[in-house]
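S.K.: Put together the whole structure using the sequences plus the hints.
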Amino acid sequence: MGMPQEVLSALREIVGPDQLLTAPEDLIPYSFDGTAALQQMPGCVVFPRQTEQVAAILKLAQRTRTPVVTRGSGTGLSGGSVPVPDCIVLCLAKMDRILELDRANLTLLAEAGATTQAIADAAAAAGLFYPPDPGSMKISTIGGNVAENSGGLRGLKYGITRNYVMGLEIVLPDGEVFFTGNKCVKDVAGYSLKDLFIGSEGTLGVITKVLLRLIPQPPAKKTLLATYDQMEAAAQTVSDIIAAQIIPCTLEFLDRTTIHCVEAYAHVGLPLDCEALLLMETDGHPAAVEEEAARMAEIARRNGAREVRVARDNAEALRLAAARRNAFSALARVSPTTILEDATVPRSELARMVRFIQAVARKYQLRIGTFGHMGDGNLHPTFLTDERNAEEMHRVEAAAREIFEEAVRLGGTITGEHGVGLAKKPFLPMQAGAVQMRVLREIRRVLDPQGILNPGKMFD
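Numbering (the working numbering), first residue to last: 1 to 460.
There may be inaccurate statements among the hints.
Derived SDA-like pairs (lysine to any residue); straight-line CA-CA distance at most 20 Å [as the list claims (entries may be wrong)]:
| # | residue 1 | residue 2 |
| --- | --- | --- |
| 1 | Lys-183 | Ala-120 |
| 2 | Lys-425 | Val-84 |
| 3 | Lys-221 | Glu-290 |
None of these hints come from the bench; they were simulated from the model.
M.R.: As structure tokens, this is what we get:
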């Protein structure tokens, strides 16, 4: 069918001809996200530079019933920003300004296309701290973080994106613009609309500006590495640390497959003869950091840790942190297709969930590397496979379904931080149930009655 010329001409009028892509070779990079196995060519890609242009684009889309898929850097891992045929990809990457850093109120206002790293750097330059740190933070955008309610390594202690959003500028599907929220610590006037749009995956409106809460920088930190001969012992260590009322900054897990892939990729000096390792970091006031580090080391040893190593300096701490941040990239080098999941369970069920993933890998004769934010129960079972092998992909799908079912059975969720998108859409009703699905559909129908925003994502 193709994009109607009247729509393309109107888009050129709104943003200028140099901010519109229509050639097939230019559209290919915008046809997929971090889940490259899910792909669809859009009708065009448009790059607005201000909210007024976003509003004009949505008014045009509403009038012509043209679907719109909003996009930041395309780092999502659920197919949430994969286009639909003949849609407008609304890429906000050029709306990337940090508009204000308010030291008096500890807030930062940024456009949706600003990268997470740029926001963290701006906060640090002012002696402040923006904690959410998704694995793709160097290139992911804050608008995408809000749309997915992204987590990160520091989520255990500091929370996730939602915990730092104080306000949002939203463009509704009909082009109306409003700002919800403010710099007040307390505000209970009406429904919390910002919370409705956080995690909405681009289905309810387009986020164009984000007001964020900042906190003081922690004055000290200490990083530890514990190695184990059994994965279950590492999982039990995590449960025991939390039960001891210790809340470290990060508490990360890598299994044997992931350790070998990371070391081959990043050469950070990880031990290759263990079944699992934990990367633990505590931060805060120096005395408290020393005490927590000692207690975590003792708990690790009590659970059979073969070695507990304390980073000697900041350089070694950064190398160890890089090991975890490189996990997905390292695994992606091993096979033609890498499918990263994020089933999440209560922390008390971690050991059971790890055992279950191992059993599923054996049952379906699959290679699964598991790593993740074990401190908050967020595991990343990663399938190392080849999408060209149809029979193996059927086994992958069956294994993934069993993992999701077990996570829900244990009181967990099918997705802790990646979102539903396309990849987990078939499994959402299993977790949400009929009544919640009805409520979700009714909310979407009220805000987007024509269904033009990110159609087909999350649910139909």
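S.K.: For the pair supplied as a hint, Lys-183 and Ala-120, is the alpha-carbon distance within the 20 Å limit?
M.R.: Measuring from Cα to Cα gives roughly 19 Å; hence the hint holds.
S.K.: If you draw a straight line from the CA of Lys-425 to the CA of Val-84, is it 20 Å or shorter?
M.R.: 15 Å, holds
S.K.: Tell me if the straight-line CA distance from Lys-221 to Glu-290 falls inside 20 Å.
M.R.: Distance ~9 Å between Lys-221 and Glu-290 Cα, so the pair holds.
Of the numbered hints listed earlier, not one is contradicted by the structure.
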